[in-house]
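**Q** So the sequences go chain by chain: U and H.
Under our numbering, think of the first position of the first sequence as 1, with each following residue one higher.
Under our numbering, think of the first position of the second sequence as 1, with each following residue one higher.
If you're looking for bench data, these hints aren't it; they were derived computationally from the structure.
Treat the hints with caution; some may be incorrect.
[As the list claims (entries may be wrong)] Heads up, incomplete: computed chain U residues facing chain H, CB under 7 Å, no partners named:
(1) A223
(2) S231
(3) D296
(4) L297
(5) I299
(6) G304
(7) T306
(8) N308
(9) F312
(10) S314
(11) D361
(12) T368
[What the hints assert, rightly or not] Derived coverage of chain H by chain U (criterion: at least 3 residues anywhere in the stretch with Cβ under 8 Å from a Cβ of chain U; other residues may be distant):
(13) 195-203
(14) 208-219
(15) 240-254
(16) 308-314
(17) 332-345
(18) 396-408
Quick reminder that beta carbons are idealized off the backbone N, C-alpha and C, glycines included.
Protein chains: 2
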Amino acid sequence: MQVQKPEWQYVDDHFEEFVSELREAVKRPSIAAQNIGMDECAQYFKGLMEKHGIEARIIPTAGYPVVYGEVKGKDPNKTVLFYDHYDVQPPDPLDEWESDPFAGEVRDGKMYGRGVSDNKGNACARIQAVGALLKLRGELPVNVKFLIEGEEEIGSTHLSDFIRDNKDLLKADYGVWESGYMSPDGRPGMYLGVKGILYVELEAQGPSRDMHSGSAATVPNPAWRLVWALSTIKNEKEEILIPGFYDAVLSPTEREMELIRASMESREGEGGGNAASAPRRQYGVHSPLADLSPLDLRIRSLFGPTANICGFRSGYLGEGQKTVLPAKALVKMDFRLVPEQDPDDIYQKLRKHLDKNGFDDVKTRIITVDYPVKTSADHPVVKAAEEAALAVYGKPASIAPTQGGSGPMHPFKEYLNLPMVAFGVGYWGSGNHGPNENIRLEDYRKGIKMAMEFIDRL
Amino acid sequence: MQVQKPEWQYVDDHFEEFVSELREAVKRPSIAAQNIGMDECAQYFKGLMEKHGIEARIIPTAGYPVVYGEVKGKDPNKTVLFYDHYDVQPPDPLDEWESDPFAGEVRDGKMYGRGVSDNKGNACARIQAVGALLKLRGELPVNVKFLIEGEEEIGSTHLSDFIRDNKDLLKADYGVWESGYMSPDGRPGMYLGVKGILYVELEAQGPSRDMHSGSAATVPNPAWRLVWALSTIKNEKEEILIPGFYDAVLSPTEREMELIRASMESREGEGGGNAASAPRRQYGVHSPLADLSPLDLRIRSLFGPTANICGFRSGYLGEGQKTVLPAKALVKMDFRLVPEQDPDDIYQKLRKHLDKNGFDDVKTRIITVDYPVKTSADHPVVKAAEEAALAVYGKPASIAPTQGGSGPMHPFKEYLNLPMVAFGVGYWGSGNHGPNENIRLEDYRKGIKMAMEFIDRL
Numbered sequence: 001m002q003v004q005k006p007e008w009q010y011v012d013d014h015f016e017e018f019v020s021e022l023r024e025a026v027k028r029p030s031i032a033a034q035n036i037g038m039d040e041c042a043q044y045f046k047g048l049m050e051k052h053g054i055e056a057r058i059i060p061t062a063g064y065p066v067v068y069g070e071v072k073g074k075d076p077n078k079t080v081l082f083y084d085h086y087d088v089q090p091p092d093p094l095d096e097w098e099s100d101p102f103a104g105e106v107r108d109g110k111m112y113g114r115g116v117s118d119n120k121g122n123a124c125a126r127i128q129a130v131g132a133l134l135k136l137r138g139e140l141p142v143n144v145k146f147l148i149e150g151e152e153e154i155g156s157t158h159l160s161d162f163i164r165d166n167k168d169l170l171k172a173d174y175g176v177w178e179s180g181y182m183s184p185d186g187r188p189g190m191y192l193g194v195k196g197i198l199y200v201e202l203e204a205q206g207p208s209r210d211m212h213s214g215s216a217a218t219v220p221n222p223a224w225r226l227v228w229a230l231s232t233i234k235n236e237k238e239e240i241l242i243p244g245f246y247d248a249v250l251s252p253t254e255r256e257m258e259l260i261r262a263s264m265e266s267r268e269g270e271g272g273g274n275a276a277s278a279p280r281r282q283y284g285v286h287s288p289l290a291d292l293s294p295l296d297l298r299i300r301s302l303f304g305p306t307a308n309i310c311g312f313r314s315g316y317l318g319e320g321q322k323t324v325l326p327a328k329a330l331v332k333m334d335f336r337l338v339p340e341q342d343p344d345d346i347y348q349k350l351r352k353h354l355d356k357n358g359f360d361d362v363k364t365r366i367i368t369v370d371y372p373v374k375t376s377a378d379h380p381v382v383k384a385a386e387e388a389a390l391a392v393y394g395k396p397a398s399i400a401p402t403q404g405g406s407g408p409m410h411p412f413k414e415y416l417n418l419p420m421v422a423f424g425v426g427y428w429g430s431g432n433h434g435p436n437e438n439i440r441l442e443d444y445r446k447g448i449k450m451a452m453e454f455i456d457r458l
Numbered sequence: 001m002q003v004q005k006p007e008w009q010y011v012d013d014h015f016e017e018f019v020s021e022l023r024e025a026v027k028r029p030s031i032a033a034q035n036i037g038m039d040e041c042a043q044y045f046k047g048l049m050e051k052h053g054i055e056a057r058i059i060p061t062a063g064y065p066v067v068y069g070e071v072k073g074k075d076p077n078k079t080v081l082f083y084d085h086y087d088v089q090p091p092d093p094l095d096e097w098e099s100d101p102f103a104g105e106v107r108d109g110k111m112y113g114r115g116v117s118d119n120k121g122n123a124c125a126r127i128q129a130v131g132a133l134l135k136l137r138g139e140l141p142v143n144v145k146f147l148i149e150g151e152e153e154i155g156s157t158h159l160s161d162f163i164r165d166n167k168d169l170l171k172a173d174y175g176v177w178e179s180g181y182m183s184p185d186g187r188p189g190m191y192l193g194v195k196g197i198l199y200v201e202l203e204a205q206g207p208s209r210d211m212h213s214g215s216a217a218t219v220p221n222p223a224w225r226l227v228w229a230l231s232t233i234k235n236e237k238e239e240i241l242i243p244g245f246y247d248a249v250l251s252p253t254e255r256e257m258e259l260i261r262a263s264m265e266s267r268e269g270e271g272g273g274n275a276a277s278a279p280r281r282q283y284g285v286h287s288p289l290a291d292l293s294p295l296d297l298r299i300r301s302l303f304g305p306t307a308n309i310c311g312f313r314s315g316y317l318g319e320g321q322k323t324v325l326p327a328k329a330l331v332k333m334d335f336r337l338v339p340e341q342d343p344d345d346i347y348q349k350l351r352k353h354l355d356k357n358g359f360d361d362v363k364t365r366i367i368t369v370d371y372p373v374k375t376s377a378d379h380p381v382v383k384a385a386e387e388a389a390l391a392v393y394g395k396p397a398s399i400a401p402t403q404g405g406s407g408p409m410h411p412f413k414e415y416l417n418l419p420m421v422a423f424g425v426g427y428w429g430s431g432n433h434g435p436n437e438n439i440r441l442e443d444y445r446k447g448i449k450m451a452m453e454f455i456d457r458l
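Please work from the sequences and hints to get the whole structure.
**A** Spelled out as C-alpha cells, the structure:
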C-alpha cells in the first residue's frame, strides 16, 4: 500500500467535513442580481476562514461587501493572493434542475448546486487547503491573502475601485484566478489571461413611429442604415475592417505556441467548451472558419480579437407578416480584445471609421469596457502551478495562454501588477450559469490538494 | 339662389337618413381578424341594398361571405362593378379613441368610428347613390353590380377564388375601387392602381442555442450572415442589386407624368400622406432620398419598386448587455412591385442572386405575393370619374396613376379584365386603421353625388 503524504492524508481524512462545508456554502443563495442572501453568504465565508485559522473580515464597498482573509507565512517577502467570488448566477430556468439548486445534493459522485463550480467550490477548497496546512504545520511557507468579492456575476462593478483603494492591503507577488476546469482526458486545465471587451450599441433612427412600408420608396429605413454600416465593419472573410483595429495585437510567443500544441490533445475528447470543432459539427453556414484546422481555430480562439453581433432589433419581430418601415434599428456588438488592444482606443477607431464612411448618423454608445490581460507563460507562478498539478493529477496541466472570454482581471494587473494563473475544481461538464451546475467530488478533493501543493512551491 | 339638379336635391333632402344608415353600419362591428359580428354586418348590407332597390344576396366563400348586389340598367351592354368590403380592422388601441369606435358619433361635422372611412362609408354612399337614382328615375342608365367582401383586412384570402369562380356573374366593363381621399386643398384624390408585393423571410441558422460570445472567434454568426447577404441586395444609393430586378419596370407615360404634375400642388397643403416631404422633415439619416425634389420623390413613390426591411430579429433584444452569439437571425422584407414585375419571378431572381453570391445557406420563404395592377389613365372609366368629380367638387381631381401601397386588385384584372378607378368619401385625416377613424359629413354628401354623376357618365 502506497504511503500518502501526510498533507494529502489529512485531506482524505477530513474530506467528508470539507464537502459538508461546501454544501453549507451552496445552501446560502447569494444571487447578486436579485440581492438574495448576500450578507448571510459573506458572513458564512468569513466564518469558514476563521474556522480554518485565517484572519478574516468583511470590508464594505459601494456595492456588495468583500470578504478578505489573511495569514502570515514563514517567508514575509512572498505573498499569494487568491481571487474568488461568493455571489452566484440566478438559478433560472428552475424547471430544468433535477434537484433543488440550493441543496447541494450529491448524486453519482457529483455535487449539484448553483455556484458549486462558479465559484464556491474553488473558494472553499482554497480556504480548506490553507486550514489543512496550518493544522499540520502551524504555519504557512508564504503569506496568503484572500479576496472574495460579491459582484462577479453582475460585472464586478466595484472591484476595480476596491483594489485601487486597497493596494497595500492586497499587495502580493502571485495571484490565483477564480476558476479552472478539468479536460475530458483528465488533465487539469489552466489559463493565464482573459480577453478584453468593448460592448457597444449602434442605433439608427427612422421615422417617429413605424410607418406603412408603402412609403419605402421615399423614406430612409434605419435597418438598412445599420446593415450598410455593419457591412463596413467586418467582411465575409471574417476580417475586421476598422483601420488600425489589429495594430496592437500581439502574436503568440514560442512558449505560448508550445502550450497550445500541448493542450490540443486534451481537447479532442468528450464534452464541452470545445471551440475547435464547433463550427464543423454544428450547422451549414458558409464561413471561412469552417475550413480552419483545429490548431488554427485554437489560435484564433485565444489570440484573435472579435467583432460579434450580440443582437439586432428593428421593426416587426413577431410571427407572420407586418408591412412596416421601422422607426428604429438597434444593434448590440461586443468586440473581444487581446493584448495590447485598448477598448477606449478601439471605440475611437470604430467611431472614426463610421464617420469616415458617411455613417455619422449612426449613434454609438459604450455599454461596457474591460481590458485584456495576460500573464507571461514564463512567470514562476505558472511553473509552480504546473509542478503542483503534475504532482496531484499525475498528468501535465493543459495550459491556455489566455481564454476566449473576459473577466475582471485588469485591476489586478493595473494596481497590483499581479501575475495570475487560473486553476480550479470544475470540469468540462460543470455547466456554469446553466441548470444542474455541478462538480465531481474527486476533482474537489484534488483541488484542495492542488492548492496545498501550489502554496508549497512558491 | 342656385337651382340644384333634382338628383343632388334628393341627396340633400335625404341626407340625415343616409347618415343614419351609415351609423347603423358602423354600429355593427365586423372585425374579420377576431370573427366578431361578421354575419350580422353582411346581413345589414344585404338589407340596405334591398331597401335601396338593389337585388341582393349573400354568397358563401371558404371564408367570410360576399354580399353581392345587382341592378339592371337601360343599356344592357354597359356594366359597372363597385368593389367594397364590410370588414374592418380591430379598434385597438381602445384607450386612444375619444368616443366608442362602434357608436358612429358625430362631432364637428365628422362621423367617428372604426370602418367609417375604411370602408363602410364608401359602400353605403354607393348603395345610396344607386337607390337615389332608382327613386328619381325608376331605372339606371347602365347595369350596376356590387361586390362587398368580408376579408379585405385579413388579406382578401378568398377573393381571388371567388372572382375566378364567378366570372360571368361579375362580368363588367368599368370598375370602381373601394376608396379615395380628399386632398388638403379640396381636390378629390383618385388612383388607378396598386403596387404588387413580395413578402419574404430570410433566415440564417447558427448554433442550436445562443452561445457565449467568447466563442465568436471560431463560430460563425448568423446575424453577420444576414447583414452580408442584405448588403448585396440593396446599396447605400438605394439601388436594388438583384440582377434583372428592374427589367420589367415600366416608365411613366406622358399622360401619367401630366397627372403627377397636376397632382403635386394638391399635396403641398396641410396633412397626411405627403410622402414628398417626409424624408426632409423627419430625421437626420443620410440618404440620397433626402436630396430628391418633391416631383422625383413622387415619381419614385408611384413608379419605383422597393426592397424594404420590415423586421430584423437576432440574439439579445432586451435592454443593457448580454454577451451572446445568436442561434438564429431572421429578416422580414417586403418588395413593393410595379407593373410589369411578377412577384414569383422576382422571388426566383432573389434566390438565384443569393445563391450566386454564396448565400445558399440563407433560407428564404415567401409569406405573401400580390401582383401590381394599373389601369390606363386614358381609359374612359377615368374620364367619367374626372368629369363627375369636376361637376361635384368644382375642382379637378388629383389623380395618381397608382399608389405606394398594395391591394387585392389583381384578380379583377386577371379574371374580369376590369379597368379600375378609385375614389371615395375619405380625406387626408381619416386615419384608417388608427384610433378616431373618421370622415367629414360634407365629403360623405358629395361622395354620394359623385357616385351618381359617375354612373350617369359611363
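**Q** Could you check if U/T306 really has its C-beta closer than 7 Å to a C-beta on chain H?
**A** 4 Å, holds
**Q** Hey, does the U/A223 contact hint survive, CB to chain H under 7 Å?
**A** 4 Å, holds
**Q** Answer holds if the nearest beta-carbon of chain H is closer than 7 Å to that of U/L297; otherwise answer violated.
**A** 5 Å, holds
**Q** Closer than 8 Å Cβ to Cβ for three or more residues is the test here. Does the segment 208-219 of chain H pass it with chain U?
**A** It holds: at least three residues are needed, and the segment 208-219 of chain H offers 9 whose Cβ sits within less than 8 Å of chain U.
**Q** Holds or violated: is the Cβ of U/D296 closer than 7 Å to a Cβ in chain H?
**A** 9 Å, violated
**Q** Okay, the segment 240-254 of chain H and chain U, do three or more residues pass the C-beta test at under 8 Å?
**A** violated (count 0)
**Q** Within the segment 308-314 of chain H, is the number of residues with a Cβ closer than 8 Å to a Cβ of chain U three or more?
**A** holds (count 7)
**Q** Quick check: the segment 332-345 of chain H, covered by chain U? Criterion 3+ residues, Cβ under 8 Å.
**A** holds (count 3)
**Q** Regarding the hint that U/N308 lies at the interface with chain H, is the smallest CB-CB distance below 7 Å?
**A** Given a least distance of 4 Å, the restraint on U/N308 holds.
**Q** Is the shortest C-beta separation between U/S314 and chain H less than 7 Å?
**A** 4 Å, holds
**Q** Do three or more residues from the segment 195-203 of chain H put their C-beta atoms closer than 8 Å to C-beta atoms of chain U?
**A** Check passed, 3 qualifying residues.
**Q** May I ask you to test the interface hint for U/G304 with respect to chain H, counting a Cβ-Cβ separation under 7 Å as satisfied?
**A** 4 Å, holds
Going down the numbered hints, you'll see the structure goes against 3, 5 and 15, while the others check out.
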